[in-house]
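The hints should help you fit chains G, E, S, U and A onto chain W, whose structure is shown.
There are 6 protein chains.
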Amino acid sequence: MTRVPDEALVLVPGGTLITETPEEGRALAMAIARNTVHTLQPELEVLQAGRPQYAGDAAKLIAAVQVVSLEFQTIAAANHYWR
Amino acid sequence: MTRVPDEALVLVPGGTLITETPEEGRALAMAIARNTVHTLQPELEVLQAGRPQYAGDAAKLIAAVQVVSLEFQTIAAANHYWR
Amino acid sequence: MTRVPDEALVLVPGGTLITETPEEGRALAMAIARNTVHTLQPELEVLQAGRPQYAGDAAKLIAAVQVVSLEFQTIAAANHYWR
Amino acid sequence: MTRVPDEALVLVPGGTLITETPEEGRALAMAIARNTVHTLQPELEVLQAGRPQYAGDAAKLIAAVQVVSLEFQTIAAANHYWR
Amino acid sequence: MTRVPDEALVLVPGGTLITETPEEGRALAMAIARNTVHTLQPELEVLQAGRPQYAGDAAKLIAAVQVVSLEFQTIAAANHYWR
Amino acid sequence: MTRVPDEALVLVPGGTLITETPEEGRALAMAIARNTVHTLQPELEVLQAGRPQYAGDAAKLIAAVQVVSLEFQTIAAANHYWR
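Chains as they are written, first to last, in full-length UniProt numbering: chain W, 1 to 83; chain G, 1 to 83; chain E, 1 to 83; chain S, 1 to 83; chain U, 1 to 83; chain A, 1 to 83.
If we strip away everything but chain W, and leave its shape as in the complex, we get (with noise of 0.2 Å):
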């Protein structure tokens, strides 16, 4: 079994909450949904595997979306929403 590399299992890419866009909340926001499956599940293979079977199933697919919208609740409100 190969490990996903180490970056891939950074709990919060870059260590703030804080960015400077909108745009980039939410890409950080899908960064650490990743990065805790990886850290849960960090077998590449398994991960590959596990791809198609959510990405083209709409249940599923709406579960992962739902996780992004907690994580970007929570760096939303750390940079006062950006306003």
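Honestly, the hints are just simulated from the structure, not real lab data.
Among the hints, a few may not be true.
Below, in silico cross-link-like pairs of lysine-lysine (DSS-like), each with a Cα-Cα straight-line distance of 30 Å or less [stated by the list, open to error]:
{"hint": "1", "chain 1": "W", "residue 1": "Lys60", "chain 2": "U", "residue 2": "Lys60"}
{"hint": "2", "chain 1": "S", "residue 1": "Lys60", "chain 2": "W", "residue 2": "Lys60"}
{"hint": "3", "chain 1": "U", "residue 1": "Lys60", "chain 2": "A", "residue 2": "Lys60"}
Frame of chain W; chains G, E, S, U and A shown alone:
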């Protein structure tokens, strides 16, 4: 496979969470959720095949609305609830 | 296929999150959730076919209530909890 | 079909989110969740048929508690957490 | 059928959301979640039959933890996060 | 059956929600979620049998990440988002 157009991959369409009205805020919540779906699954054919899969199924439809609810919580807070 | 009427597609009926009472706030939460369903699935026949599918199934009914709970969190905060 | 009684369709029983104690607040959270169920599905026979369906199934029971948790978040905030 | 004892039906054990420590706050979150389960399903035999059903199933176990997470959000806010 | 070690049953490892960095906060979110799992299901053999069950299944893995997202919301707020 056809990739969704670039504008469908903008994570926060318009680049801001601030809107004039609650109606626009809700529309933004839907757009943000939708474009995260596109980013996780950018293949147009898979998205189009998945549409009847969720839009005709009550459980998946409810799950999709729940994501919009979460995005709207963030956007409403950003706009001080348009008070 | 019949499309739901235009008023069923207003994302935030009344155009505001502010209500006189908690009762009206809860009704608004339900209306917002419902109209997002309509917007994601505007075909009346599909909606009508889906109604018994969820209203007679405990799991789907609970999921629908959960969406209302989330919308109500937003509306209650908007109204300073009608304190 | 028998319709649930009118008082079971009041969306916010008592008309306020403010309670004397956390215990009463939690009871209100349950009442609000329950009456939204009634409003989405007002037929008594369907509700009674659905009760064993969820109360004897761990997954549905947990989902029902989750709705109560969300309602309680709102009510607790409304009451400044009864501090 | 045996009914769970009365103390297992107290919705907010101790009658307050305020605790001395995060550890106690987390234990309270679990107790609140558990007693809401008891209130929705007070029959001891059904609860005992349901226990292996969820504790041995990863999906149900994760759903149970999620409820605790939501209760803990409320309790942590009530305690100003024990800062 | 073997019971998980005592330290795996501490509900809030370290006894505080305050951390130096977002990275540590995210790790704490994972530890809190994990130890609640242990508390609900302290039998090591069942936990070990359940691990492949969730870590190789996209839906369960996403659900696990969602719990971490919720815990992280609490911890991030506790730390004023490490601003």
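Hint check:
Proposed proximity of Lys60 of chain W and Lys60 of chain U is supported: the alpha carbons are some 16 Å apart, at most 30 Å. For the hint linking Lys60 of chain S to Lys60 of chain W, the alpha-carbon distance of about 19 Å falls within 30 Å, and the restraint holds. As the CA atoms of Lys60 of chain U and Lys60 of chain A are separated by approximately 9 Å, the hinted pair is consistent with the 30 Å bound.
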